[in-house]
Amino acid sequence: MPAGTPGPTQRRNARPLEKVKYFVINVFLLFHILAISCWALPLNNPLISSFRNLVRPYFIWSGLFQSWDMFSPDPKRVNSYLEAIVIYKDGTSTLWSFPRMELLSANERYAKERYRKFEENLQNDQYSGLWPDAARYIARLNNQKTSPPKTIMLVVRWSEIIPRTDDKYDRGPWNSNIFFTYDVQPEDLK
Amino acid sequence: MRLKSLGDAWNAFFFAPKSPLPIALFRILYGLLVIITLLLLRPDWLTWFGTHSWVSLSTMHALERGPRLNLFTIIPQNDTWIEALFWIFLASASLLTVGLFTRFNSLLVFLCLTSIQQRNLYITSGGDTFLRLAGFFLIFAPAGAAVSVDRLIRIRRGKEGDSVLPRPPWAQRLIQFELALLYFSSFCWKVQGAPWVQGTALYYVYHLDEFHRFPMPSPFLRPTMLKLGSWMALALEFSLGTLIWIKEFRYTILSLGVLFHLWLEYSLNIPMFEWDVLAAYVLFIEPEDLTHAWSWIRGRVAVKALQRS
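The listed protein sequences derive, respectively, from chains Z and R. So the first sequence is numbered by my numbering: it starts at 281 and just counts up by one. So the second sequence is numbered by my numbering: it starts at 235 and just counts up by one.
With the rest of the complex left out, here is chain Z (with noise of 0.2 Å):
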């Protein structure tokens, strides 16, 4: 035993508010590696299954979720980006483009990574409570005092990666298709 561990005699001889503090830390240690273990490996077992679900709300709570699954455990196959159209009162429209990464210099990739990360989360069906908030959000940067947006269409364009077996790389051709369209109220432009 390496010179400073607490060793029987040690413990033994200890005061009673050290012995509770040594118990209670080892109940920690003890809990934190089994759930946080249950929790991140990608495990399908009804046992821990069931112990996931009964650390979930202290994992929610503390924000001690969390996934280890990026580029897993399939990669993304298609290029894809979003847009929104603008259809003014008028009846004019524009089109407006989320940051594209590929299109931003590397140093606004490192500010505007949180747009990549949203636009993957947006394209979800899984998040499609987010898609009114988001029109909202574009329908204030698109505010013209003179016609106000009317309606906000999200766009999703994508193209797929194709596979190859040489060094070659093809893409497919680009495909669009709009997945939500929201009318604007007079309310969500204050």
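Hints were generated in silico from the structure; no laboratory data involved. No residue lacks a Cβ here, since even glycine has one placed at the ideal position from N, Cα and C. Careful, some of the hints might be misleading.
[As the list claims (entries may be wrong)] Here are the simulated EDC-like pairs of lysine to aspartate or glutamate, each with C-alpha atoms no more than 20 Å apart in a straight line:
| id | chain 1 | residue 1 | chain 2 | residue 2 |
| --- | --- | --- | --- | --- |
| 1 | Z | 397 | R | 499 |
| 2 | R | 461 | Z | 450 |
| 3 | Z | 301 | R | 242 |
[Claimed, not checked] Here are the in silico distance ranges between beta carbons for each label pair:
| id | chain 1 | residue 1 | chain 2 | residue 2 | range |
| --- | --- | --- | --- | --- | --- |
| 4 | Z | 331 | R | 520 | 33 to 39 Å |
| 5 | R | 432 | Z | 403 | 22 to 28 Å |
| 6 | Z | 341 | R | 456 | 29 to 35 Å |
Following the hints, complete the assembly by docking chain R onto the known chain Z.
Coordinates of chain R only, in the frame set by chain Z:
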């Protein structure tokens, strides 16, 4: 193996007093990374977290249910208060970096960090998550026991001598554990996907426009190299998650890990993630080696100064 020897190993690992130098250096790096993250966000504080942000607080509550540690739910919902929270956060991160009122500031930094993430989870990525998790365990660590203003104050008041007292490293171990788990979990996720096992994954990753950073040298885009690269990533993540605990392999694996992250930093646009993770490598360096490195640097600086004079 006996139960007693298992208990002794546990005690030695978590409680045998060790120099707090690695955790103190980690505190400095961690504080700097939090400051950089905040400054990069500075033009968009209100864009993402203001009263008229991309995602409203009520939408966030509707989508991400359950009680959460989130100071945004306590402060009044106006932009002045929200900006004030960010300035307090920045000040606290600066104090944590220099090690003044370290324990209090580590708690405050964690509270602010977890709050801004909980306020808008849809813009957070792996680096942010790692900062949040490390920040949680840093609260419990003796992060101000060395290289800190707190220590200078204690020395001045006669409460501490010249030598830094060793402390139980259990909180530091939890951050180390979190880092190793990050790698091991990434490895486990990847081996579940056919492209990683077949070696085609990097072809897709390198051709995602949004992740392009600097031009890739063409030999790295050849199918053989992409295969090797995909498998090397798997091997490295496995090693960094497991073999890193074996002392004989540690420095070799850490060196490979540094090269791995520098390569990712060059080739992919994943801002801050590499630096957030690399900062925690310092926790795996033996305190004696850190002291030797520091003595060597001081020696070199002294020699240079003498040469100049």
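The hints, checked one at a time:
Taking the CA atoms of residue 397 of chain Z and residue 499 of chain R, the gap is about 17 Å. The hint holds against a cut of 20 Å. Simply put, residue 461 of chain R and residue 450 of chain Z have alpha-carbon atoms about 18 Å apart, close enough for the 20 Å limit, and the pair holds. A hinted pair counts as satisfied when its Cα atoms are at most 20 Å apart, and residue 301 of chain Z with residue 242 of chain R qualifies at roughly 18 Å. Taking 33 to 39 Å as the suggested C-beta distance range, the pair residue 331 of chain Z and residue 520 of chain R conforms, at roughly 35 Å.
A C-beta distance of roughly 26 Å is found between residue 432 of chain R and residue 403 of chain Z, which places it inside the suggested range of 22 to 28 Å. Between residue 341 of chain Z and residue 456 of chain R the beta carbon distance is about 49 Å. The supplied range of 29 to 35 Å is therefore violated.
Consistency note: the structure conflicts with earlier hint 6 alone.
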